[in-house]
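Protein sequences, first through last, are from chains A and B.
All residue numbers for the first sequence refer to my numbering, where the first residue is 11 and numbers rise by one.
All residue numbers for the second sequence refer to my numbering, where the first residue is 4 and numbers rise by one.
There's no promise every hint is true.
[Said to hold, decoys possible] Using C-beta positions, here's what the derived DEER-type ranges look like:
{"#": "1", "chain 1": "B", "residue 1": "Glu20", "chain 2": "A", "residue 2": "Glu62", "range": "46 to 56 angstroms"}
{"#": "2", "chain 1": "B", "residue 1": "Lys60", "chain 2": "A", "residue 2": "Ser97", "range": "30 to 40 angstroms"}
{"#": "3", "chain 1": "B", "residue 1": "Glu4", "chain 2": "A", "residue 2": "Val93", "range": "20 to 30 angstroms"}
{"#": "4", "chain 1": "A", "residue 1": "Arg88", "chain 2": "B", "residue 2": "Ser23", "range": "39 to 49 angstroms"}
[What the hints assert, rightly or not] Computed, partial: chain B to chain A, Cβ under 8 angstroms:
{"#": "5", "residue": "Phe75"}
{"#": "6", "residue": "Gly103"}
{"#": "7", "residue": "Leu105"}
No wet-lab data here; the hints were simulated from the structure.
Every residue, glycine too, gets a C-beta built ideally from N, C-alpha and C.
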Amino acid sequence: NAGVMQNPRHLVRRRGQEARLRCSPMKGHSHVYWYRQLPEEGLKFMVYLQKENIIDESGMPKERFSAEFPKEGPSILRIQQVVRGDSAAYFCASSPPMAREAFFGQGTRLTVV
Amino acid sequence: EDQVTQSPEALRLQEGESSSLNCSYTVSGLRGLFWYRQDPGKGPEFLFTLYSAGEEKEKERLKATLTKKESFLHITAPKPEDSATYLCAVQADAGGTSYGKLTFGQGTILTVHP
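So here's chain A without its partners, still in its complex pose (with noise of 0.2 angstroms):
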């Protein structure tokens, strides 16, 4: 049973790019969630989603940042006009239904030049 997958590990997007960043859960789980970990802090939550609906997006930026997780295919999270604050390593998590445990990806590490 593959673990979660994120692609890329590393993206490296010039200011005022897009950058995509996809993950797919675990075989069975239906509940996504977001980490952020900028340099020298700890992981924090931006969003956590199940199949076609973000359940909590309290955690993201109020702009440029967006997440989905379509009935098919992986969960993007999608940063528009990247800034420099932006660069940081973005960790997915995924959960089956009703379960506390959720099990990480080894994530994206964003460097915006």
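Based on these hints, arrange chain B on the given structure of chain A.
Structure of chain B alone, referenced to chain A:
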């Protein structure tokens, strides 16, 4: 607001020197407390879930315990391969709904010297 504080920030041990990491928390109804291990450049690796005060769980050289205000991760006779950042996180009771949002502490960077 849920809060998690881990101490110390960094811990250096000699191989075989046992010690403990602390995780203090405040949460509006604890649904679970989680310990993860994170190696440089990798994602957090799940270690333990603790659900109620008094609970203990063990895995190899690690033992996690839980009280109403804090959790400890005890490391017995550590080896260099135990070097990593250890993360503590809490999950709040969302009133009966299935909700897995985690609030993390800053982590403890553990270095075990041979």
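Results of checking the hints against the structure:
1. Between Glu20 of chain B and Glu62 of chain A, the C-beta spacing of about 51 angstroms keeps the proposed range 46 to 56 angstroms intact.
2. Take Lys60 of chain B and Ser97 of chain A: their Cβ atoms lie about 36 angstroms apart, and the range 30 to 40 angstroms holds.
3. For Glu4 of chain B and Val93 of chain A, the Cβ-Cβ distance of about 27 angstroms falls inside the hinted range of 20 to 30 angstroms, so the restraint holds.
4. Judged by the Cβ atoms, the range 39 to 49 angstroms given for Arg88 of chain A and Ser23 of chain B holds: they are separated by roughly 42 angstroms.
5. For the restraint placing Phe75 of chain B at the interface with chain A, the shortest Cβ-Cβ distance is roughly 19 angstroms, beyond the 8 angstroms limit, so the hint is violated.
6. Of the supplied interface hints, the one on Gly103 of chain B holds, with its beta-carbon coming within about 5 angstroms of a beta-carbon of chain A, less than 8 angstroms.
7. Interface hint at Leu105 of chain B: satisfied, since its Cβ lies 7 angstroms from the closest Cβ of chain A, which is below the 8 angstroms cut-off.
Checked against the numbered hints given earlier, the structure breaks only hint 5 and satisfies all the rest.
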